[in-house]
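Asks: One letter stands for each residue in the lines below.
Number of protein chains: 4
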Amino acid sequence: MSSQKITEGDHVLLYLNQRKTYLVKVEAGKTFHTHKGFIKFDELIGKEYGSTVASNTGFEFIALKPLLRDYIMKAVRRTQITYPKDIALIVMFSGIGPGSRVVEAGTGTGALTTALAHYVKPNGRVYSYEFREEFLKTAEKNLKRANLVDFVELKNKDVTAGIEESEVDAVILDLATPWLVVPSAYKALKPCGTIVSFSPTIDQVVKTVEALNANGFIDTETVECLMRGMQTERGKTRPQTLMTAHTGYITFARKKAVK
Amino acid sequence: MSSQKITEGDHVLLYLNQRKTYLVKVEAGKTFHTHKGFIKFDELIGKEYGSTVASNTGFEFIALKPLLRDYIMKAVRRTQITYPKDIALIVMFSGIGPGSRVVEAGTGTGALTTALAHYVKPNGRVYSYEFREEFLKTAEKNLKRANLVDFVELKNKDVTAGIEESEVDAVILDLATPWLVVPSAYKALKPCGTIVSFSPTIDQVVKTVEALNANGFIDTETVECLMRGMQTERGKTRPQTLMTAHTGYITFARKKAVK
Amino acid sequence: MSSQKITEGDHVLLYLNQRKTYLVKVEAGKTFHTHKGFIKFDELIGKEYGSTVASNTGFEFIALKPLLRDYIMKAVRRTQITYPKDIALIVMFSGIGPGSRVVEAGTGTGALTTALAHYVKPNGRVYSYEFREEFLKTAEKNLKRANLVDFVELKNKDVTAGIEESEVDAVILDLATPWLVVPSAYKALKPCGTIVSFSPTIDQVVKTVEALNANGFIDTETVECLMRGMQTERGKTRPQTLMTAHTGYITFARKKAVK
Amino acid sequence: MSSQKITEGDHVLLYLNQRKTYLVKVEAGKTFHTHKGFIKFDELIGKEYGSTVASNTGFEFIALKPLLRDYIMKAVRRTQITYPKDIALIVMFSGIGPGSRVVEAGTGTGALTTALAHYVKPNGRVYSYEFREEFLKTAEKNLKRANLVDFVELKNKDVTAGIEESEVDAVILDLATPWLVVPSAYKALKPCGTIVSFSPTIDQVVKTVEALNANGFIDTETVECLMRGMQTERGKTRPQTLMTAHTGYITFARKKAVK
Numbered sequence: 026m027s028s029q030k031i032t033e034g035d036h037v038l039l040y041l042n043q044r045k046t047y048l049v050k051v052e053a054g055k056t057f058h059t060h061k062g063f064i065k066f067d068e069l070i071g072k073e074y075g076s077t078v079a080s081n082t083g084f085e086f087i088a089l090k091p092l093l094r095d096y097i098m099k100a101v102r103r104t105q106i107t108y109p110k111d112i113a114l115i116v117m118f119s120g121i122g123p124g125s126r127v128v129e130a131g132t133g134t135g136a137l138t139t140a141l142a143h144y145v146k147p148n149g150r151v152y153s154y155e156f157r158e159e160f161l162k163t164a165e166k167n168l169k170r171a172n173l174v175d176f177v178e179l180k181n182k183d184v185t186a187g188i189e190e191s192e193v194d195a196v197i198l199d200l201a202t203p204w205l206v207v208p209s210a211y212k213a214l215k216p217c218g219t220i221v222s223f224s225p226t227i228d229q230v231v232k233t234v235e236a237l238n239a240n241g242f243i244d245t246e247t248v249e250c251l252m253r254g255m256q257t258e259r260g261k262t263r264p265q266t267l268m269t270a271h272t273g274y275i276t277f278a279r280k281k282a283v284k
Numbered sequence: 026m027s028s029q030k031i032t033e034g035d036h037v038l039l040y041l042n043q044r045k046t047y048l049v050k051v052e053a054g055k056t057f058h059t060h061k062g063f064i065k066f067d068e069l070i071g072k073e074y075g076s077t078v079a080s081n082t083g084f085e086f087i088a089l090k091p092l093l094r095d096y097i098m099k100a101v102r103r104t105q106i107t108y109p110k111d112i113a114l115i116v117m118f119s120g121i122g123p124g125s126r127v128v129e130a131g132t133g134t135g136a137l138t139t140a141l142a143h144y145v146k147p148n149g150r151v152y153s154y155e156f157r158e159e160f161l162k163t164a165e166k167n168l169k170r171a172n173l174v175d176f177v178e179l180k181n182k183d184v185t186a187g188i189e190e191s192e193v194d195a196v197i198l199d200l201a202t203p204w205l206v207v208p209s210a211y212k213a214l215k216p217c218g219t220i221v222s223f224s225p226t227i228d229q230v231v232k233t234v235e236a237l238n239a240n241g242f243i244d245t246e247t248v249e250c251l252m253r254g255m256q257t258e259r260g261k262t263r264p265q266t267l268m269t270a271h272t273g274y275i276t277f278a279r280k281k282a283v284k
Numbered sequence: 026m027s028s029q030k031i032t033e034g035d036h037v038l039l040y041l042n043q044r045k046t047y048l049v050k051v052e053a054g055k056t057f058h059t060h061k062g063f064i065k066f067d068e069l070i071g072k073e074y075g076s077t078v079a080s081n082t083g084f085e086f087i088a089l090k091p092l093l094r095d096y097i098m099k100a101v102r103r104t105q106i107t108y109p110k111d112i113a114l115i116v117m118f119s120g121i122g123p124g125s126r127v128v129e130a131g132t133g134t135g136a137l138t139t140a141l142a143h144y145v146k147p148n149g150r151v152y153s154y155e156f157r158e159e160f161l162k163t164a165e166k167n168l169k170r171a172n173l174v175d176f177v178e179l180k181n182k183d184v185t186a187g188i189e190e191s192e193v194d195a196v197i198l199d200l201a202t203p204w205l206v207v208p209s210a211y212k213a214l215k216p217c218g219t220i221v222s223f224s225p226t227i228d229q230v231v232k233t234v235e236a237l238n239a240n241g242f243i244d245t246e247t248v249e250c251l252m253r254g255m256q257t258e259r260g261k262t263r264p265q266t267l268m269t270a271h272t273g274y275i276t277f278a279r280k281k282a283v284k
Numbered sequence: 026m027s028s029q030k031i032t033e034g035d036h037v038l039l040y041l042n043q044r045k046t047y048l049v050k051v052e053a054g055k056t057f058h059t060h061k062g063f064i065k066f067d068e069l070i071g072k073e074y075g076s077t078v079a080s081n082t083g084f085e086f087i088a089l090k091p092l093l094r095d096y097i098m099k100a101v102r103r104t105q106i107t108y109p110k111d112i113a114l115i116v117m118f119s120g121i122g123p124g125s126r127v128v129e130a131g132t133g134t135g136a137l138t139t140a141l142a143h144y145v146k147p148n149g150r151v152y153s154y155e156f157r158e159e160f161l162k163t164a165e166k167n168l169k170r171a172n173l174v175d176f177v178e179l180k181n182k183d184v185t186a187g188i189e190e191s192e193v194d195a196v197i198l199d200l201a202t203p204w205l206v207v208p209s210a211y212k213a214l215k216p217c218g219t220i221v222s223f224s225p226t227i228d229q230v231v232k233t234v235e236a237l238n239a240n241g242f243i244d245t246e247t248v249e250c251l252m253r254g255m256q257t258e259r260g261k262t263r264p265q266t267l268m269t270a271h272t273g274y275i276t277f278a279r280k281k282a283v284k
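Protein chains in written order, with the numbering used here: chain B, 26 to 284; chain A, 26 to 284; chain Z, 26 to 284; chain D, 26 to 284.
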C-alpha cells in the first residue's frame, strides 16, 4: 500500500515498550529527545519499517509504521476519550465503509474522525461539525498527521443549528446533547441510513433513545463494551489487574422511510 | 452509494422486530413465507428502502437495506460464532482499511471474511484459506449475497502448509491451531505488518503468544471484549438480564523487521 | 455442628449433576420421583451425608447436606431473583453477623431472609416486612425447611407505613420503592447502623441515593456485581458462554449520629 | 449488640470522605495526626458513634463504628489483596455460619481470617495455618483490633505438611499451591464439607480443579467476580471510570462420602 522504507516527512511510532511509544515526524538532521536519551532521525531514514534504532544512551527503539489505532490513541487529548474499542464498534454499527458519506458531530480532537476517514476513503467523505475552533485546529493537525485530512470536511459550526448535508449514509454523534441533533439527522440521512451516538451517562442515553423513537428511527439498540487485557504467560496467565470500567454507551438506530 | 429503490435481485432485511428479521433476495412474482404470513416481493419492488410492507395476515415488516452487521449475523452458521463486536475489534487491531491486502485463515462460513472484504474494497484483497470445501461453498454464497465476493480469493488449502502470498498488510487467524501458522505469517507479512488471532480458550492464547514472541513479533497483546445490552426506557433503565459471557480472546502483534 | 447421618425429617439435596439437583425432605416409607426414575427414602436413612443412592432405573444420586446457597437457590420462586452473589455482598456490606438485629423489607419468598437468619443466629434476629400474605407463607415454608424460622419475625405489614423496631444494626431493602423507607430506616437504626438496598433499575438507585443523602446517611456507595463461571479443563479452559448480565445494583450507606 | 458511646480502647473509623478514612484506637489524653490536622481523642470519648469531631485545623471527621468490611480493608497489607467482594463470596460458597469449624490456609495478614472469625463466632472456630511468622504477627494484631482473636487458632505451620484438625465444616485455601493441600483437606473435612480456593492465575485453578476431581470432591465450580462502582447523581449517573479487573478465581467443591 505504501513505501516500506522510512523517508523524510513520514510519521513513525518509536516503540520502547508497550507503555512507552512516541509518534514523531521524521526530519532530516534533527533529533528526538526521550526520557531514555535522544534519537537521530538520520539513522532512521532509508531503513525498513520495523527496524531498531538505538538512543545515544543505548536504549533500543523500534521504528514502527503507525496503525489507525496508534493515530487514534495519540490524537486523544483534552476531550473525553473515545477508546479504540468504542470507535471500532461505532464504525461497525454504523455500517459505513469505503465510499460512505458520513456526518460526525462533534469533531473534538479528531480521534473518531480519523477512524471514519480511514474507513470511507478513497471515495467517501466525512463532514465533521465542531463549534469550538481550537478543537478543530487540533483535529486538523491530527488528521494531517494520519494523512487523512483530504477525506474530511471540517466545519466550524454548531450542529444543533442543523445539518447541511443530505442523503448521507450515517450520522455519528459524540457530543453532550445528542438528542438535540436527532431531528436534523433524520432529514440528513438517506432511507435506512444509520445513526450512532456515544454518551457517557445514562441520562444522555435515555434522552437520545426517546428522541430516536419519536423521530422516525427504528431498531434502536444501546450497548456498552468492556475490554479487559490478559496477561499471557505460561503458568502465570490471568486477566490484568486494572481496567477501564466505563467509557460510554453506544446507541444505534436506523431511519425508517416515513416517520 | 447505491440505489435507494428496491429492485429485483436486491437483498433486503425484512424487519418485524429486533428479534425477528429475515435477509431475503427480492424475486419478481414470488412470495416469502414467515411465521406471520407471507409477503409478495412485487409489493416491495420500486419502493424506497425503509418502507413498510404488510404480510397477507396483516403484520407489518420494514424492508431495510442490509448493513455489514446484518450480513455477518446472517452468515453465521455451523461454525463457532465470531460476533460483530469481535470482528469490529479484529479489524481495528489489524489496522487494515481500503486498499489493504489481507490473509485470513480459516474462512469458516465467511462472517469475518465478509467484514474484511467490506473494509478493504475497492482496491484491497482478502486471501482466505479453508481446507474444508463445504465451508468454502457456504462462505462464497454469503459473500455473493453481500456483494463482496469480487474482493476475496477463496483458497481451498490448508494454511498450516504455508501462506502463498507475500508483502501482505495483515494476517488474521481464526482457526483451532493459530500457533502453527505464526512462522509462515511472519514470512507473508510486510515489515510492521500485523497479525490478529481469535481463540476461545486460554490454552490456545498461551501457545499463540509464545509462538509470536519466538518468531519475530513484538507489541503482543491479548484482550477480551464483553458487550452488554442496555434496556433503555425512562424509569426502567437497566442492563439486560442475559449476555454472552465469552466468545474468544483477541491477540495482536506486529512484525519486527529482523527476527 | 449437626448429625452426620441422614435421619427422617432431614432435608437432603439429591445431586445428579450440577444442573439437576432436588431439595427434598426425607420421609420413611416414601419415594421421590425424578426424571431419572424414583428413589426410596428408606435407602437414605442411616447413611452418611455425601453417600450415593441409585434410582430404580440405575441413575446415581449423591445425598448432600444442603448449604445456605442451596436453600437460597431453591427458595427462589415467583419473585425477582436475588442471586447468592448479591446476597453475599449485601450481607458483607451490611456488616451484620451473629447477634445482629436486622430489619428486612420485603420478604418476598425468603431467599435473602434465609441468608440474614443464617448469619445472625443464634442470638440475633431478623424482622422481615411483607404486605403480600401469600409471599409470607412461602417464605415461612422456606425458612422452616432451612431450619431458620426461629430467628425471624415475619411481619405481614407495609413497611412504607413505618418500621416498628428501633436500635437495629441494619436495614436491608429489597422492594420496588426503597426511597420511601429511608426516613423510617434512619429512625430504626442505631448510630452508625447500615442500610443496604437492592434494586434492578438505575432510576430506583438514583431516587434511593437522593433519599439517603437527604436523610442523614453518609458514605453512600452503589455497586453492581458480575459473576462469570469458568469452564476449567486442561487444554480447554475458558469462561462460560452465557452469564447473567444483570440482577441489580447494591446501594450502601451508614447512619450519621445527627442529621 | 455493643455499647453506643465511644469509650477508651475502642477502635473507631475516622471518616473524612470516602477516600480518606483512618482506623484508630481511642486513647485518653492522646491525639491523632492526619494530613488535615490532629484530633484529640478526649473529644471523642463519651460521644455517640456517628458523631462529628473537628481537627485543630477545622476539618470535620465522623467517628464511625468499624464494620467487618472496614477491618478487612485496613488489614490488607503486604500480601495479595483479597477484596471484600471475594471474601463475601468465599464465605457464601463455603456455607459456613455461626458455630462452624473452619480451616484456613494461609493466614496472610488476616483479612479473610477476620471475616471467617466474624461469621463463625461465638461458638465456631477458625484454624488458620501460616508458615511465615511475621505474617502471623500482623494477622494477630489485626484480629485483636477487630476483637475476633478469641475465635481463631493461629498456627505457625506449613499446611502442605498436613492438616491436624478433623471433622471440620470447611477448608478455605488462599495460598500459592492449593492443589497440594487438597488430599489433606479431604481427610480433615466431614462428609459434604466444603472446600473453597482463591487463586489469581488460571494455571493454579486448573491444577486445583484437577486435584479436587481426583480426590473425592464433587460439584466443582469456578467463578470470578467483577464489582463495578456506580457514580449516582441525577443527570450524571454512569459507571465509574476505573475498576479492578481481576483479583482472583474462586473454586468451590464438596466432599463426597467415599472417594
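Watch out, some of these pointers could steer you wrong.
Result set (DSBU-like, lysine-lysine): computed pairs, CA atoms no more than 30 angstroms apart in a straight line [unchecked claim]:
#1 B:Lys45 - A:Lys99
#2 A:Lys232 - D:Lys215
#3 B:Lys232 - B:Lys261
#4 D:Lys232 - Z:Lys169
#5 Z:Lys30 - Z:Lys72
#6 B:Lys212 - B:Lys232
#7 Z:Lys72 - A:Lys99
#8 Z:Lys215 - D:Lys215
Worth flagging that the hints you see were computed from the coordinates, not collected in a lab.
Asks: Hey, B:Lys212 versus B:Lys232, does the alpha-carbon distance stay inside 30 angstroms?
Replies: holds, 19 angstroms
Asks: Are the Cα atoms of Z:Lys72 and A:Lys99 separated by 30 angstroms or less?
Replies: violated, 55 angstroms
Asks: Holds or violated: are the alpha carbons of D:Lys232 and Z:Lys169 at most 30 angstroms from each other?
Replies: Not OK: D:Lys232 and Z:Lys169 at ~40 angstroms, beyond 30 angstroms, violated.
Asks: Given the hint that Z:Lys30 pairs with Z:Lys72, does the C-alpha gap stay at or below 30 angstroms?
Replies: holds, 5 angstroms
Asks: Is the straight-line distance between the alpha-carbon of A:Lys232 and that of D:Lys215 30 angstroms or less?
Replies: violated, 41 angstroms
Asks: Check the hint pairing B:Lys232 with B:Lys261 against an upper bound of 30 angstroms on the C-alpha distance.
Replies: violated, 45 angstroms
Asks: Decide if the proposed pair is consistent with the structure: B:Lys45 and A:Lys99, CA atoms, cutoff 30 angstroms inclusive.
Replies: violated, 41 angstroms
Asks: Sort out whether D:Lys215 lies within 30 angstroms of Z:Lys215, counting only the CA atoms.
Replies: violated, 40 angstroms
This entry does not satisfy hints 1, 2, 3, 4, 7, 8, going by the numbered hints stated previously.
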